[in-house]
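Protein chains: 4
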Amino acid sequence: MSNILGKNLTLTLFGESHGEAIGAILDGLPGGVKIDRSYMQEMMDQRKAVGSLSTGRHEADEVQFLSGVKDGYSEGTPIALVIANTNVKRKDYDALKDTARPGHADYAGDVKYNGYEDASGGGHFSGRLTAPIVAVGAIARNMLEEKGIFIGTHIASLHGIKDRPFDEVHLLEDVNYLNKCTFAVLDAGVGECMKAEIEKAREQCDSVGGILDTAVVGLEAGIGEPAFDALESDIAKAIFSIGAVKGIAFGAGFGFADMYGSEANDPFAIKDGKVVTTTNHNGGINGGISNGMPVRFHTVIKPTPSIAKKQNTVNYRTKEEKVLEIHGRHDPAIIHRARVVVDAVTALVIADSLMERYGREYFGGKRR
Amino acid sequence: MSNILGKNLTLTLFGESHGEAIGAILDGLPGGVKIDRSYMQEMMDQRKAVGSLSTGRHEADEVQFLSGVKDGYSEGTPIALVIANTNVKRKDYDALKDTARPGHADYAGDVKYNGYEDASGGGHFSGRLTAPIVAVGAIARNMLEEKGIFIGTHIASLHGIKDRPFDEVHLLEDVNYLNKCTFAVLDAGVGECMKAEIEKAREQCDSVGGILDTAVVGLEAGIGEPAFDALESDIAKAIFSIGAVKGIAFGAGFGFADMYGSEANDPFAIKDGKVVTTTNHNGGINGGISNGMPVRFHTVIKPTPSIAKKQNTVNYRTKEEKVLEIHGRHDPAIIHRARVVVDAVTALVIADSLMERYGREYFGGKRR
Amino acid sequence: MSNILGKNLTLTLFGESHGEAIGAILDGLPGGVKIDRSYMQEMMDQRKAVGSLSTGRHEADEVQFLSGVKDGYSEGTPIALVIANTNVKRKDYDALKDTARPGHADYAGDVKYNGYEDASGGGHFSGRLTAPIVAVGAIARNMLEEKGIFIGTHIASLHGIKDRPFDEVHLLEDVNYLNKCTFAVLDAGVGECMKAEIEKAREQCDSVGGILDTAVVGLEAGIGEPAFDALESDIAKAIFSIGAVKGIAFGAGFGFADMYGSEANDPFAIKDGKVVTTTNHNGGINGGISNGMPVRFHTVIKPTPSIAKKQNTVNYRTKEEKVLEIHGRHDPAIIHRARVVVDAVTALVIADSLMERYGREYFGGKRR
Amino acid sequence: MSNILGKNLTLTLFGESHGEAIGAILDGLPGGVKIDRSYMQEMMDQRKAVGSLSTGRHEADEVQFLSGVKDGYSEGTPIALVIANTNVKRKDYDALKDTARPGHADYAGDVKYNGYEDASGGGHFSGRLTAPIVAVGAIARNMLEEKGIFIGTHIASLHGIKDRPFDEVHLLEDVNYLNKCTFAVLDAGVGECMKAEIEKAREQCDSVGGILDTAVVGLEAGIGEPAFDALESDIAKAIFSIGAVKGIAFGAGFGFADMYGSEANDPFAIKDGKVVTTTNHNGGINGGISNGMPVRFHTVIKPTPSIAKKQNTVNYRTKEEKVLEIHGRHDPAIIHRARVVVDAVTALVIADSLMERYGREYFGGKRR
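Protein chains in written order, with this note's numbering: chain A, 14 to 381; chain B, 14 to 381; chain C, 14 to 381; chain D, 14 to 381.
Since the hints were derived computationally from the structure, they do not count as laboratory data.
None of these values were measured; they are calculated from a predicted model.
Check each hint, because a few of them may be wrong.
[Said to hold, decoys possible] Reference excerpt, derived from the structure (chain A facing chain C, CB under 8 Å, subset only):
hint	residue
1	R370
2	G372
3	Y375
[To be verified] Covered stretches of chain C (chain D as the covering partner; in silico rule of three or more C-beta atoms under 8 Å from a C-beta of chain D):
hint	region
4	46-57
5	220-229
6	289-299
[Said to hold, decoys possible] Restricting the straight-line Cα-Cα distance to at most 25 Å, the calculated cross-link-like pairs of lysine-lysine (BS3-like) are:
hint	chain 1	residue 1	chain 2	residue 2
7	B	K110	B	K323
8	C	K102	B	K83
9	B	K379	B	K47
10	C	K287	D	K110
11	A	K284	B	K332
12	A	K379	A	K160
13	C	K284	D	K47
14	C	K323	C	K104
15	D	K47	D	K20
16	C	K287	D	K323
17	C	K332	B	K83
18	A	K332	A	K110
19	B	K335	A	K287
20	B	K287	A	K110
21	B	K323	B	K102
22	A	K20	D	K61
23	A	K322	B	K47
24	B	K83	C	K104
25	B	K102	C	K83
26	A	K322	A	K110
27	C	K175	C	K193
28	A	K83	D	K102
29	A	K61	A	K102
30	D	K83	D	K160
31	C	K379	A	K287
32	D	K208	D	K61
33	C	K160	A	K379
34	A	K104	A	K332
35	C	K335	D	K284
36	A	K83	D	K332
C-beta atoms are modelled at their ideal positions from N, C-alpha and C, and glycine is treated no differently.
With the hints as extra help, turn the sequences into a complete structure.
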């Protein structure tokens, strides 16, 4: 129980919203993994603030490698990367000192850290911390794509507005399409409505959330563990480390509650000599192990807790109730930015699981 | 990625449905934790098959301690417990050899284990494995209750039939009530309808699932970790290790997708000099850390995959398609049995998290 | 910090000297690893008491598998094995109640476990616990031998009596020879002197220790980690889990203290197109990584703390000083029994390290 | 098996000798631990190059905190620190390209990393990496000293020249004295001889090693684990992560090989109502658990492998033998610098072990 994710491929995270810098250590890569800076930048840009839909805080988010990378390849030694915090406006938060922002970890963190943490801007709990996650996730996604495994996520619904579902028959095309989008929806028209809804929330000094729908295409059968490291367990654990996530469900998810077993079970069949299922209600996972079908899950992202609307809260130091009015820089929605973070942690978990079976060298570069 | 759950308090699981025995090792307890056999038996009974609602397989499920327990107290050394498999009917499964039962891990497991696993009765993936989990969970629940922390779960919905929600004002009463029930519903009348629905499913050679609603009352604020070991992450990881679970959501869960931030945020207030929230949409967790309110989450349990209805599937060895008709002993529903397993793993995770902050001795017995 | 060893291949240990049974869980094996019972028994016999040289306690030490093994192969699921404690004589220890036996963990354990542990016969600290380690170690040694990696240990010195050193030129022959010996010395004559020395110690109601010299032949270069999981770190960690071990040194070991760098460095050369070193003062490890030369280390085993001689000690409950006279069943030496335990844990660590690089499937059975 | 040390208190290490910077993440501290920069600098200076006794490479080794520290106290969030590499002379190493320096990890690392690592200056294997270890170790030592636990190490022997042993009766005084010394010997006269010996080695283009003797004073009884996380196991694992270490032995260490049990056992006695032992041959540890006596161990440091003398070696890329002459900047001895690294990792392990029993909050700052 620490700030470390993974077993064979470990991600260590550090930093605070208003600190010097944020960053991560990625350890467990073999030597010779291609580090594609432009691909990484693409992913970083997908996470970045886009126009009026997002926070006023603009950061270059330039990834600087301190170790582990040489001439565009992993060395095999720990990769340390830092991202400077340049656009810090502490004074925005002075008024919030010792104030529990509803929906935020200020109070919980204050108790946990005995009052010593730098809570300004959310401190260590800030969404800023997802930037290094996306950076290392890009490396993992590169590795997986080399193996024919592709991950994509779209905004299935935003404050009730629904995108069209994935096309199960042309899933890979959908995934590839999404990975080129800044605002990840399959139906561009729906996307415009969603953007308008976000705008509306901003005008109301409010915020909205939604549901992300993720697909992992190309993962072979037999990956994962039976009990405590079920593939669902490890993906869920990683996904819940993303601030605004409050739920995850695989395949038919909560829909299973209203189905009969005969509807829920996915019949097996033989296609081109390969074992497949004719439906995928189980989201590509049986008993915690991948079954060769696409891994599918939905993630719910709550509305951004930082809103400009007046809210009742307390000063947790003086134990006085107060009315809160936040004037900082905030996102009326983060779901369109969160999607690439979901892709990133998913990639890390799947790469880690493959290493469990095939070892670090599975992703290793040709001896040179 | 192994069969081990937890960090300070570790549970190691072993066994197969038709093997000699199943069991677990619980390590990390201090010396002097009371081991209440009758409480453990109560929990074991809640998991057991009840009449026609459940499987024809009846097991004594007698817990035998091989080590770590002496005179009714933990010694502090690893607790090893075994539960014999007495009622094994391998021949029921001979017809299923190399057959992928839809919704089961037979095929995925066959690939993972290169064809060497004892798949009979689900092998290591069998629900039988939840018996030792409930046994050690009972120990953890005892420890937590000593600290004023109580866990309870009810069947919020079964194939569309809904129980009344928890009474937030008298939550502890509801929890205590449930922990005395064999069939965990808050509204007895609804319970009868659910049982009838299960009966109906059986008659149709089918099965049903549902949603479990869990509450943890009495957990202090400040427990959990900010990123990868968020309390939500660790609970989710543990819950997904239960076979039929396909989704988990905290607080308002997937409902957040349709809310405004101003609705989703829980206003803080002072009550009896203590910081509380006036609503609990966030399920007692902010930024991965407990905030002192009850921890609340829903878990979806899919319909039992083993059904008597004919199903299309394949022989994964010969790669031939076939029609499957299962004649083994199966449950038309397992949700009423799964609830105590959810309580058990939740207790293990919370005890582990408390040890992170206060150490093993927090639960330690008085020096003797 | 638990009773678990390893990362990809994990060994969980349990049991007490006078408990029901002792045992272990071995998790992380792929399906299809050959489980050679007769080889396992050979190793168990090497650990067993031999005639008057050892304890009066005779145990069948029959290994019973509860799970994970089928038709002579690993299933890939956790292997649980138990060894019954049949020859228990608690009354031998009644006189020792609350008495700190010098050199033993009675007192340290009493403090750690708050006085709740079953200290009888050493409880969880008993040498008995090495039996399951040898059993699972045999599985690991089998796996390694399939890959051309052989491990052997001889008694380099016993109470000052020295065996001839390993023949570096015919190291594998020496290793194979030792693995057939019950009393592991390279010079049979020296072996007789050592046995006489052990006899002499017994007659004096005393005990003796010595130094074990271990060689691992056939391990490729590039295995291990640079910093905290140096191959030396992981081997040392495992070796120190053996009760009587008080020191370990690789290659020239403490002899390095008197050498010049020009003497200590191993010159590299090319032999049959392969990189080798012409000396092996570094014991096959540079910077924590194997360099392709045999891995070599010495382990010191202290004299058995249980002696019949009168000793001054205390009752740690009453805090009274007392004179102790032990009448139990004890070994005048355990070094000749410890050697196979050293081989076992070494095998577990090396198999684990290879899995890190090549994955679980490196040792996997051919798909069937 | 990664670059992470510890369980409750985790140290993640990164960097290369000639990279941008080196550093570490320390996670698991509670909020409110005093971060004493001047104490940290003292420790850093003890590790630094001193005059002609050491390398020509001089680094400011200024510790920069990127996160986790605020107003001189730990925040409770991960502490990230970096140390810039300013004095890099790559060209010194161009001649060494693909050359296996005897006693170094160049070749082993090349195999492990498939030829992609930045081997220049030893790369990730460089002694430079011990700088961040000393920095975080200083934090741990501070924490322990608050609890009355003090750690000290002296050069017991250097190339055969021996310091006087620790004064068991006035051990704490010796420890305090050493922690003020730059060249850690108890007998200043002997220190001069040692320095002369180092000088002599330099003149001969050679190097020397020696033995470090460490004492931990004030650790209570009952700390550590019985089997795989024996206190000896965890200390040894950490110590072997230090580059030049080739052996470790507790208490009488390899001397046990020539003792009788009656000599080796430490008689227990009562002193001021406390259980003590009248000798400490077991180095304060019985069965892997601290017994309340000072923890004592010796560590052997091999002579610096980098020497100016001509050496036979190979180019591991071309597989050609060659004669090596190193012209870089090297230490004729590093033992006097290594001692504070030994203190640092020992402190980390002991703080971690105490957290296991008492939790993170044991070291926590008063709520503010």
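Okay, the hints, checked on the actual structure:
{"no.": "1", "hint": "R370", "result": "5 Å, holds"}
{"no.": "2", "hint": "G372", "result": "3 Å, holds"}
{"no.": "3", "hint": "Y375", "result": "7 Å, holds"}
{"no.": "4", "hint": "46-57", "result": "violated (count 0)"}
{"no.": "5", "hint": "220-229", "result": "holds (count 5)"}
{"no.": "6", "hint": "289-299", "result": "holds (count 6)"}
{"no.": "7", "hint": "B:K110 with B:K323", "result": "16 Å, holds"}
{"no.": "8", "hint": "C:K102 with B:K83", "result": "17 Å, holds"}
{"no.": "9", "hint": "B:K379 with B:K47", "result": "11 Å, holds"}
{"no.": "10", "hint": "C:K287 with D:K110", "result": "19 Å, holds"}
{"no.": "11", "hint": "A:K284 with B:K332", "result": "10 Å, holds"}
{"no.": "12", "hint": "A:K379 with A:K160", "result": "15 Å, holds"}
{"no.": "13", "hint": "C:K284 with D:K47", "result": "56 Å, violated"}
{"no.": "14", "hint": "C:K323 with C:K104", "result": "19 Å, holds"}
{"no.": "15", "hint": "D:K47 with D:K20", "result": "21 Å, holds"}
{"no.": "16", "hint": "C:K287 with D:K323", "result": "22 Å, holds"}
{"no.": "17", "hint": "C:K332 with B:K83", "result": "24 Å, holds"}
{"no.": "18", "hint": "A:K332 with A:K110", "result": "13 Å, holds"}
{"no.": "19", "hint": "B:K335 with A:K287", "result": "14 Å, holds"}
{"no.": "20", "hint": "B:K287 with A:K110", "result": "19 Å, holds"}
{"no.": "21", "hint": "B:K323 with B:K102", "result": "21 Å, holds"}
{"no.": "22", "hint": "A:K20 with D:K61", "result": "34 Å, violated"}
{"no.": "23", "hint": "A:K322 with B:K47", "result": "51 Å, violated"}
{"no.": "24", "hint": "B:K83 with C:K104", "result": "17 Å, holds"}
{"no.": "25", "hint": "B:K102 with C:K83", "result": "17 Å, holds"}
{"no.": "26", "hint": "A:K322 with A:K110", "result": "18 Å, holds"}
{"no.": "27", "hint": "C:K175 with C:K193", "result": "20 Å, holds"}
{"no.": "28", "hint": "A:K83 with D:K102", "result": "17 Å, holds"}
{"no.": "29", "hint": "A:K61 with A:K102", "result": "18 Å, holds"}
{"no.": "30", "hint": "D:K83 with D:K160", "result": "22 Å, holds"}
{"no.": "31", "hint": "C:K379 with A:K287", "result": "19 Å, holds"}
{"no.": "32", "hint": "D:K208 with D:K61", "result": "16 Å, holds"}
{"no.": "33", "hint": "C:K160 with A:K379", "result": "22 Å, holds"}
{"no.": "34", "hint": "A:K104 with A:K332", "result": "23 Å, holds"}
{"no.": "35", "hint": "C:K335 with D:K284", "result": "14 Å, holds"}
{"no.": "36", "hint": "A:K83 with D:K332", "result": "24 Å, holds"}
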